[in-house]
Amino acid sequence: MTRRTSPGAPRQASAGAFLALSACASLALTGCANLIGSMAADTLSAAILNQNDPELVASGVPAYLLLVDGMISQSPDSADLLAAGAELFALYGSRFEPDPDRVVLLTAKARAYGERAICLAHERACRWRGLPYDEFVSQLAVVEAKKIDYLYSYAISWLSYLDATSDDWTAVAELPWVEAALERALQLDEAYEDGELHAYLGILNALRPPALGGRPEVSQMHFERAVALSAGRNLSVKVEYARRYARMMFEQDLHDRLLTEVLAAPVEVPGLTLFNVLAQQEAEQLLRSSKEYF
Amino acid sequence: MSQARNRIAPYLSAWMTALLVVAAAGPSLAAEIKIASIAPDGSEWMREMRAGGERVRDLTEGRVVLKFYPGGVMGNDAQVLRKIRIGQLQGGAFTAGGLGERYPALNLYGIPLLFNSLEEVDYVRARIDPKLAAGLADAGFISVGFSEGGFANLMANEPIRSVDDLRRKKIWVPDGDQISYLAMEALGLSPVFLPATDVLTGLQTGLLDVVAASPVAALVLQWHTKVKHRTELPVTYSMGVFAIEARAMQALGAEDQRVVRDVMGDVMLGIDRTSREDNRRAAEVLTNAGVHPVAVNDADIDNLRRTIETIYPELRQRSDIDVAMLDELLAVLAEYRAAHPDAPTHSD
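These protein sequence lines map, in sequence, to chains A and B. Just add 796 to the spot in the first sequence (first one is 1) and you have the working numbering. Just add 438 to the spot in the second sequence (first one is 1) and you have the working numbering.
Everything labelled a hint here was simulated from the structure, so no lab data went into it. The C-beta atom is built at its ideal place from N, Cα and C for all residues, glycine as well. Warning: the hint list may mix true and false statements.
[To be verified] Residues from chain B that face chain A, not an exhaustive set, calculated with beta carbons under 8 Å:
#: 1; residue: Asp479
#: 2; residue: Gln688
#: 3; residue: Gly691
[Unchecked claim] Keeping only pairs whose Cα atoms sit at most 27 Å apart, straight-line, the calculated DSSO-like set for lysine-lysine is:
#: 4; chain 1: A; residue 1: Lys1087; chain 2: B; residue 2: Lys472
#: 5; chain 1: A; residue 1: Lys905; chain 2: A; residue 2: Lys942
#: 6; chain 1: A; residue 1: Lys1087; chain 2: B; residue 2: Lys505
#: 7; chain 1: B; residue 1: Lys521; chain 2: A; residue 2: Lys1087
#: 8; chain 1: B; residue 1: Lys607; chain 2: B; residue 2: Lys569
#: 9; chain 1: B; residue 1: Lys666; chain 2: B; residue 2: Lys607
#: 10; chain 1: B; residue 1: Lys505; chain 2: B; residue 2: Lys521
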């Protein structure tokens, strides 16, 4: 199937390789539920997200990218469409596009859409780019709960771009800003997308080991919460929990248990089937390499 | 906490991460060499190490297997050394200072303001590194390679241009780094000991005003979110050392030893080369992220350096300083400076 390199193995280059961002991609996709649901309601949702054939989706989604682009050019001031476009481009770019150069293009567009969307929904956000960290954080504090959709698409589309450009130190530099945006969204609604924000924060907090200032206990708390909020049905969360946290902390029992649970779980969950299928494929690979890794 | 271990922190470099731990396997034919690293799995350094491990396995036809433990799971330099001491592990990749506990000469490159420039570093390292490797072998560790961590720069919310700008500021010194502490005291400043992992919080809470880190380390540790200025002064130089306990190496056949040295030595050389470019690029990124570069004038640097040199007599008395090697190093440095009288006093 057409996928880029495995999430645990970022593309060359020091910076991103260092932080190993790519895993975000696998979770990002589950965010599609929201996006596509909002765009084309149940038909598309059912067609893509309940699809158990990832290759079919990989070959079919580009058509929707064109569709979204067309819709955005017709309604350039629709924050909803822009947010949806940001997520779709981010998710496709992160997960299905095999060519790294094209991933950069796709996610750059995602980020631009995400910025436009939040700028339309929250005027002060039009001046967020380039703000010093502390100022950015204090601006985030006044974003209201009703704007969480835009904040979410802004953050994950940015993250997808950092992932795609992870061979540059800029990606490492900007990470705290994205994390702050996700944390604000979490404050607004921790159960958003069945705990997806927790899953992202679980990943981000597992990018650095404790010796480099990472906070594994925070990562674990987020993963546990994400599992609980999705009632264990979102298998991508458990896969990332295993890959990110359990591997970093060398907790083989936890790693193997999570992945075994993933393999035993039903993949057919409305809105999650596609990504659960992908998650099971990854769980198999991770379990296979468990003995060698630990 | 050992003094040696504490020299790690200031120089947290991109590279610093690779704590390699080697443990002999059981009685099986293959010697399993267990390698731990602070670098997260999937990082460039870990991928290079793993690729090296695969080459070693292939070239030794499976007789030597490198097994990696990323993410610092085996602990910091001091903890790894402790595990080596009790025979649980046989080696590691350390910061130079981290291995200084076993071989004090490795502390020397980290003396504050020792070097003016990377050109001086290159000149000195080309001549002194082999001696350090030889000395390390005498201390029971086979060095597979050294790699640059880079110069730490001062970073703070206020621009630091001179020693006066440092007065009444709370200046971070890595927990237990006695040499830096002495240097700060010689300058009449107020150093604060803290582990590197607590620095971000220290900056947030006002416990610290001034920190030192390489550009790469500042980004990785996210200190760039809490400082606004970076002084372009090469404060301390850091280096990584990948070393395997001599006993573990000698347990391998001569040819297999050569393979491990050559292959992993190449990996370290590659890391050594990319590190400089990483720091150069990271410095640009810091500037773009709003951490402004601050120049220091030559007179101030000379002043700083002369003041710090007043602690040399005291350094010579210390058990963690190898006086003979220090003198050799200073002689090489003097030789370079004599040949380059017009070289800049400092470069970033």
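Q) Looking back at the numbered hints, which does the structure fail to meet, lowest number first? A) When the structure is compared with the hints, numbers 2, 3, 8 turn out to be violated.
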